[in-house]
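Sequences are here, hints too, so could you generate the full structure?
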Amino acid sequence: MSRRLFKFHGGVKPAYNKESSNHEQIADAPLPAEFVIPLHQSIGGIPRPVVKAGEHVQKGQLIGGPDGSVSSAVHASTSGTVKAVEMRRMPHTSGLSALCVVIEPDGKDEWIGHAPVPWRTMSPGEVRNALRDAGVVGLGGAVFPSHLKVNPGKEGHLDTLVINGAECEPFITCDDMQMRERPDGIIKGAAILRDLTKARQVLIGVEDNKPEAIAAMRAAVERIGAERIDVVAVPTRYPAGGAKQLIRVLTGIEVPHGKRSTDYGVQCFNTGTAHAIYDALELGRPMISRIVTVAGNVERPRNYEVRFGTPMKDVVALCGPKPDTDRLIMGGPMMGFRMPGDEVPVVKATNCILVGSKVLFPPPPPEMPCIRCGECAKACPADLAPFEMYWFSRAKIFGKAQEYHLFDCIECGCCAYVCPSRIPLVDYYRFAKSEIWAREQEKEAADGARERYEFRLAREEREKQEKAARLAAKAAETKAKLAAAAVAGAEDDPKKALIAAAQARAEQQKTAAETKTNAE
Amino acid sequence: MSVYRDITYNSLWKQNPILGQVLGLCPTLAITTSFINSFSLGLATTFVMAMSNFAVSALRSFIPFEIRIPVFILIIAALVTVVDLAMNAWLHDIYLVLGIFIPLIVTNCIVLARVEAYAAKNPVLASTWDGAMMGIGLTLVLAVLGIVRELFGQGTLLSGIEMIIPGTEAIRLLPEDYPGFLVAVLPPGAFFVLGLLIAGRNWLDARANEKARQHLLQAQAHA
Amino acid sequence: MTSYLFIVLGAVLVNNVVLVRILGLCPFMGVSKKLETAVGMGAATTFVLTLGCGTSYVIDSWLLIPNDLEYLRTLAFIVTIAAIVQLTELVIQKTSPMLHQVLGIYLPLITTNCAVLGIPLLNISQKHNFVESLLFGFGSSIGFTLALVLFAGLRERLDGADIPKNFRGTAIGFITGGIMSLAFMGFAGLDKYK
Amino acid sequence: MSEDRVPDPLAPIEVPPPAEASVVRISSRTATILLLFTLTFTALMAATYFATKPAIEASARAEKMKLIGEVLPKSGYDNDLLADGVSLPPMPALGLDDVSTVYRARKDGTPVAMVVEAAAPDGYSGRIGLLLAIGADGRLLAMRVTDHRETPGLGDYIDPKKDKNKTSPWIGQFDRKGFEDINPEQWKVKKDGGMFDAHVGATISARAVTNASGRALAWAGERREKLFALPAAAKFEE
Amino acid sequence: MLNNSPYFRQPASVSSVMLRVLAALIPGIAVYVWFFGAAILIQILLASAAALAGEAAMLKIRGKPVLLFLADGSALVTAWLIALTFPPIGPWWLVVLATLIAIVVAKHLYGGLGQNPFNPAMVAFCVMIVAYPQLMSQWPAVGFTDFSAQLGAIFGERHLDAMVMATPLDTLRTALHTAEAKATVAGVFGSNAAFGNIGGKGWEWVAVAYLLGGLWLIQQRIITWHMPAAFLGTLALIAGIASTAGPDKLAGPLFHILTGGAMLGAFFIVTDPVSGATTPKGKLIFAAGIALLTWIIRVFGAYPDGIAFATLLMNICVPLIDMATQPPVFGHKNDGKEGGKP
Amino acid sequence: MFSALFVMALGAVILGAALGYAAVKFRVEGDPLVEKIDSILPQTQCGQCGFPGCRPYAEAIAKGEADINCCPPGGEEGIKKLADLLGREFKPLSGEHGVEKPKSVAVIDENVCIGCTLCLQACPVDAIVGAAKQMHTIVAAQCTGCELCIEPCPVDCIAMLPIAEAVDNWKWKYPVFDIAQRRAA
Ligand SMILES: Cc1cc2nc3c(=O)[nH]c(=O)nc-3n(C[C@H](O)[C@H](O)[C@H](O)COP(=O)(O)O)c2cc1C
Ligand SMILES: Cc1cc2nc3c(=O)[nH]c(=O)nc-3n(C[C@H](O)[C@H](O)[C@H](O)COP(=O)(O)O)c2cc1C
Ligand SMILES: Cc1cc2nc3c(=O)[nH]c(=O)nc-3n(C[C@H](O)[C@H](O)[C@H](O)COP(=O)(O)O)c2cc1C
Ligand SMILES: Cc1cc2nc3c(=O)[nH]c(=O)nc-3n(C[C@H](O)[C@H](O)[C@H](O)CO)c2cc1C
Ligand code: SF4
Ligand code: SF4
Ligand code: SF4
Ligand code: SF4
Ligand code: FES
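Residue numbers (numbering that gives the first Met the number 0), protein chains in the order written: chain A, 0 to 519; chain B, 0 to 222; chain C, 0 to 193; chain D, 0 to 237; chain E, 0 to 341; chain F, 0 to 184.
Careful: at least some of the hints might be erroneous.
To list a few chain C residues with every Cβ distance to chain D over 12 Å, as calculated [claimed, not checked]:
1) 38
2) 60
3) 61
4) 128
5) 145
6) 148
7) 160
Calculated cross-link-like contacts (lysine-lysine; reagent style BS3-like; alpha-carbon spacing at most 27 Å) [claimed, not checked]:
8) F:172 to A:399
9) F:79 to F:35
10) E:59 to C:164
11) C:33 to F:80
Pulled a few chain E residues facing chain C out of the computed Cβ check, cut under 8 Å [stated by the list, open to error]:
12) 108
13) 109
14) 110
15) 114
16) 116
17) 117
18) 125
19) 129
20) 296
21) 299
22) 301
23) 305
24) 315
25) 316
Hint data in this document are derived by calculation from the structure and do not stem from the laboratory. This one's a predicted model, so the numbers in the text were calculated from it and none came from an experiment. From the three backbone atoms N, C-alpha and C, an ideal C-beta is built for every residue, glycine too.
Here's what the structure looks like:
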């Protein structure tokens, strides 16, 4: 039982605040008046809408077809009528809009026909397509299309498959409750993943502050008789749930930034994702809902099974938001994103709706200059030098910031959490990263423009030369003609011949000049 | 005529060798411990600059491109040697104080820079004027540095004047018991004062720019 | 042997060319904006200065002194150094294009570094023999490189600082140079043990 | 350098390709032009040199005489001091590790004083160079510091130019002192039990100068006769 | 405008850090007053007033929120350290001028708190010892605690002969390295009133009090052990080796760490987070470098205590030290070959 | 005097020959600096710098004939990079050449366009497609926003539209806390 665990550098121990929402069972959120289902809910290509306004759809019907392999399908969350396919505000800090399918439920909630997928007999490619079409994406937060991760790696088999049940962010208990109440689905999903990735072992990492979940999961493993699946309690320290950190804790392997974890023989899925994969393959159900924790400034914090597209305010209303509520946060207090309003829909990335207030999350005291105290470096789980990245990001010297491995930063927020100068460090990193990306794009565009410009110059040059050649040929022709005429005419009128000769000379000079100017 | 005005403005302010181009720093920092030192080296450099610009400009059509740098250096070095010998002969005390920095006028980048950037392309009179004005621009900064450092360091002005005009004496500007701020006359002081001078110039420039912008805005508002 | 060590250490630390002797300041201020270029400039200067000290010693004691031509020193030295710079460039270009890429752009700048003339002249005034001249030249150029590289490191960091507008760039560079020079004064007195 | 002009005698003779030929031509052209410039400007320098030579020599003499004049007034002697020197080998007793010259002043042919260089190796910041005028009677007539690196504003009062007390500078207390007045045991700073003052907080410099002057005086006193007797330009040997 | 994640933070602030540094200095100051009188308190007041005034003026000129930054307390730390490293009976303008140089030149010209590459207090110390070597080396004799005389020295006519005394470091160097060099370490110790049991009389106890304050800072996690340990360890090691090799001429390790500014430096000066190295390895190199240079300057150099110069010299090296000692980032340990497989 | 002339003459001959030789033998071809400068310029090809395109401007900078602050599309950012590359001091964008504008693309009002192909000929980067007498469109992804097509259009159907912010190209803003908050604390 006592497995050797490893440590990751840094990390913090914020107040967990999980007790409030993990007492009551997961409840189903009721149907809202309308669903606003964004098409772009995962990393990668934006799904194309395949329904039109006025069309009737059934629950689980495809409404957004995946665009290429790095993309994932989107389905109707209930049966009803498509009211519109239009731009709606996204659950995104920017508050910008994107294309959404708006569905008015008919209240019948009728499933479209679905059947288990015979994944055992299918080729890996077909399984991947099935997962993509079922819209299965990572529920741990990154919403990366899962079908791309179901991959045994270069060697044809994985060493360790990690199932991430750490749930290290304060307030969030959706994985905890799912593990307590629905462990069988998770274990079965893990077993499917084990077989698909040909993993030698499956380790389910759960932070040791969730003893009930651990017990339930272990019991489920026993009950199902799953082989090579082990539930491991890991020490509670934020961000133990970061994929890299959890892999490190469980296996000792550190997957560097920019490398695929399968190259190191490991892969990591969230517990919810494992469950969704079970649903998709064994039950044939596409992903249309997830468990969402509603916590923070509400009277009755609780977990709900929420269909995607449900406006957040409807979910929050179930829990009795307190009057001084001033914002909704999607995700936890360490990494969550502030929502532009409360009408934005729950999406696949919504593991938690954290209801905030000035009292609960007071505005940060004024930012002071960094005193290079090094606290942030001590706390950084990616072993970075946050203050150096900050120093150069703030001064917009992005090259230097990148030299300090800006892109290895997982934006966990530990550095900002400990900083005595209360610098919003992560904001600086986000700013720097998006500037660098924009710049790379600009650079690419500039390179393309240069190429096309040079191509155009070359083409113009060629055309000029061709024209010059044509003109020269024409001139030669005229000259010959005139000469012939002159010779012919000279016999009867020498004066005429002279004029003709002069004309020919002038013509010749003109064309020559033209040729020259054109060539220049 | 405006060519000469431009040269003058450029040399003394806009492209001032030290404040604008940040060249010719070594003598600027090393010998400006007193006004007299600064001023003498400034004049020596001015002489070399004017003469070398004159010589190069006059001879520019005979100098092949590929050996222009050696020829320039040759001309400058010859002129510097002339100055060196002359000061040794007739201003021996100052010669001893300025020491190695007289021969080093040769490598003072500003001399070569002016020769190459201006004298090699322009007529004799303008080139000579440019050399002289650049030299004076340099001398002015040297002099200011010398005055400030001498004043803070020793509380005097014109110390060492007896080397040039025997029998005269330095003027004491600060009271006798002023505890000289020694750092001012040591190398760090040179750096500090020059840094402050450059910042001061930046400030003046920024103010002028701001004024010009205000004018422009007002003009635009009127239009 | 130890006296040789003292010459080198003295030239590097106690009488650092840039910070104490105040020579070679234009490249010190001009080529110190990036660490990379500072290292390149330092390497190029080290090569030329060491070689220049050796050659100018030979020229001085074999050509000039025997013929009573000390007054030609300035000219002879600077011309020699210019030649060394040119030839170095030539040789490097031919033998190692790699090195040429690194040092190439700095070589022409060296002729107007007054340290390359100043150090040979100091060699003469301090009556160094041939080996001492070489070591003094080497030590001085290491001192130059050290100062330049450290300064460049500081400036790269200062690029990110919230420096008052009028002080940005050259002005704060001089203030920093001044504090560096002040710090090097701490070595004062160490050379009395020579 | 121009390899093509110095052919390797063992190499087979080749007809150079045309490009090489132009190299030779251009090389010789540039060489000629550079030569002309060099000759012109060297001539300029040489001319200046010869024109200024007498003045430079005169000012070097004047400088030396000025220094000597500070310790030995011109009125005290009538010979050509600089011509009446004896060269000394490196003399550790005087703190000198290089050759030096002792000049002798005479009035009407009789020796009146000699001017001796000395050095104190143990100043606060190293060597302090001294110039002493020692009378024919063995007294120290006057002393000056010729070069030093004592802390400005603290130890540099040993140089009367830097001494804040202009009316009676510190170094003046040595004027006309001899071992008759102060016995060698007491030729020290007061802090060490001697007779000479030193500025509080900067005894080291004073101590170094005092001790060095004592040693120099003792050395010169013992060899007085011999030093005056040697012919001009002779070499002194112990 | 509302902030982005993280939405809650550990309760820590710059001012609490700085205030605790000041608190840690108090035991040292108390012992200082016990042995050398209350003059030091006057100097601390002078320095603090100058620092606050200078800081406020510069903040105003630079258009920064004045009260917010004044409250951070860093200027007070600088001021106190200047006062504690300067002779307590120096004229009033000495410490005021020094503090202004520290705050205006060394701190605000570089952009203020957190941006200065050099330790402001040490810049001030170096400028002043170079500018006024005499004033900077007039240290009071032990037991001379007459407050009115001290006040006189600070504000009025300076009749110092009775109260000043060369400090142990100076006495030792003067006796051993500049004169005829007959004296020995033991001889000097025995004969001179400035010496106590190990270091300077009185000073050794001040040093012990600084040590206690410093240990408290480590316990408070404001400084890490790296720098004090590396500094004191290296200083003791070099002094130990040297004094074993030449016991007559070179003082031992205990003397070196208990004299001059060593203990104050180890815990309060070398540890300045802003101007010092930041990586764990870099901290060790930085502090050890200061120790080495301090010893060299103390024993062979022209200035009495080398800590200030050594600190500045190592400050110069900080960017390069930091660059060279960046710890490997996640996944790039073990040369990155195995992706950090243990 | 003669020894002086002789010694220096010797040096001159050797040096002159060597330099002449080197000058011919080792002439530097091509200028890598131009490439580096060109790669920093935004390739808008708008000519606002006073040169016919980015490359000519790059060449002028390399030769020292043009200042580094003449390219409005490159903006402060570009000037900073040039200053870094060339080791010069940063200076703000020179007003004579225009001001930094938000990046835009040209859009043709397809109802008005008469298909005259004049804009097509003006576009330096071939971002306009269409044939004679047919409606033209602009490939937004390829348009550099140089505005060169606006002038030639006889019916004024081309307009510049700033590139709209969308969720994918949205950038995190520079973190600034408002003064009120600072003052409050
Ligand atoms: C700082 C940080 C903390 C995270 N915490 C968790 C967590 O507690 N639980 C979790 O499942 N995923 C967490 N993630 C996401 C994981 O890194 C990873 O994306 C996920 O486990 C992969 O599984 P998925 O693709 O199935 O979502 C965290 C990520 C970061 C960067
Ligand atoms: C920076 C500094 C420079 C000093 N320079 C000198 C000096 O040049 N000459 C000198 O005699 N003492 C100098 N001292 C003082 C000596 O250290 C020592 O205190 C003094 O010589 C002892 O003299 P006292 O016995 O009269 O107090 C200096 C001290 C310091 C701090
Ligand atoms: C950082 C630093 C801290 C210092 N702290 C003390 C101290 O606590 N006690 C003390 O006597 N001197 C202290 N000094 C001053 C030196 O120790 C003092 O100058 C030295 O003991 C020599 O004295 P002198 O100037 O009389 O030669 C400190 C110096 C520095 C640079
Ligand atoms: C542990 C610690 C040590 C400090 N040491 C110094 C110091 O030696 N000198 C100083 O001027 N400020 C010191 N400060 C204060 C502050 O960091 C310093 O003024 C900054 O350099 C100002 O930017 C210290 C602060 C702390 C927390
Ligand atoms: S914790 Fe904050 S103040 Fe400390 S080093 Fe990091 S960013 Fe700077
Ligand atoms: S947000 Fe980035 S820099 Fe900060 S602690 Fe997390 S990984 Fe490190
Ligand atoms: S202004 Fe800039 S973008 Fe426009 S052509 Fe010139 S360099 Fe290119
Ligand atoms: S379409 Fe118009 S604005 Fe766009 S690149 Fe072409 S010419 Fe320039
Ligand atoms: S003047 Fe010395 S390097 Fe320019």
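Results for each hint:
Distance to chain D confirms residue 38 of chain C as a non-interface residue, since its nearest Cβ pair spans about 30 Å, more than 12 Å. Chain D leaves residue 60 of chain C outside its interface by the beta-carbon criterion, the shortest separation being 18 Å against a cut-off of 12 Å. Its beta-carbon lying about 18 Å from the closest one in chain D, residue 61 of chain C satisfies the requirement of being farther than 12 Å from that chain. Distance to chain D confirms residue 128 of chain C as a non-interface residue, since its nearest Cβ pair spans about 14 Å, more than 12 Å.
The non-interface label for residue 145 of chain C is consistent with chain D: the shortest C-beta to C-beta separation is roughly 23 Å, beyond 12 Å. For residue 148 of chain C, the condition that its CB be more than 12 Å from all CB atoms of chain D holds, with the nearest at approximately 29 Å. No beta-carbon of chain D is positioned within 12 Å of the beta-carbon of residue 160 of chain C; the least distance is around 33 Å. Straight-line distance between C-alpha atoms of residue 172 of chain F and residue 399 of chain A comes to about 19 Å, which keeps the hinted pair within the 27 Å bound.
For the hint pairing residue 79 of chain F with residue 35 of chain F, the CA-to-CA distance comes to about 14 Å; that is within 27 Å, so the pair holds. Proposed proximity of residue 59 of chain E and residue 164 of chain C is supported: the alpha carbons are some 15 Å apart, at most 27 Å. Straight-line distance between C-alpha atoms of residue 33 of chain C and residue 80 of chain F comes to about 13 Å, which keeps the hinted pair within the 27 Å bound. Given hint, residue 108 of chain E at the interface with chain C, holds; its Cβ is 6 Å from that chain's nearest Cβ, closer than 8 Å.
At a threshold of 8 Å, the smallest CB-CB gap from residue 109 of chain E to chain C is about 6 Å, leaving the interface hint in force. The interface hint given for residue 110 of chain E holds, since its Cβ lies 4 Å from the closest Cβ of chain C, which is under the 8 Å cut-off. The beta carbon of residue 114 of chain E comes within 4 Å of a beta carbon in chain C, closer than 8 Å, and the hint placing it at the interface holds. Taking 8 Å as the C-beta contact cut-off toward chain C, the hint placing residue 116 of chain E at the interface holds, the least distance being around 5 Å.
The beta carbon of residue 117 of chain E comes within 5 Å of a beta carbon in chain C, closer than 8 Å, and the hint placing it at the interface holds. Checking residue 125 of chain E against chain C: minimum C-beta separation of about 5 Å stays under 8 Å; hint holds. Because the closest C-beta pair between residue 129 of chain E and chain C is about 6 Å apart, less than 8 Å, the hint holds. The restraint placing residue 296 of chain E at the interface with chain C holds, with a minimum CB-CB distance near 5 Å, inside the 8 Å limit.
The closest approach between the C-beta of residue 299 of chain E and any C-beta of chain C is roughly 5 Å, which is under the 8 Å cut-off, so the hint is satisfied. Look at residue 301 of chain E: its Cβ gets to within about 3 Å of chain C, closer than 8 Å, so that hint holds up. Nearest Cβ of chain C to the Cβ of residue 305 of chain E: about 6 Å, under the 8 Å cut. The hint holds. Proximity of residue 315 of chain E to chain C holds as hinted, the smallest CB-CB distance being about 5 Å (cut-off 8 Å).
For the restraint placing residue 316 of chain E at the interface with chain C, the shortest Cβ-Cβ distance is roughly 6 Å, inside the 8 Å limit, so the hint holds.
Comparing the model with each earlier hint shows no violations; every hint is respected.
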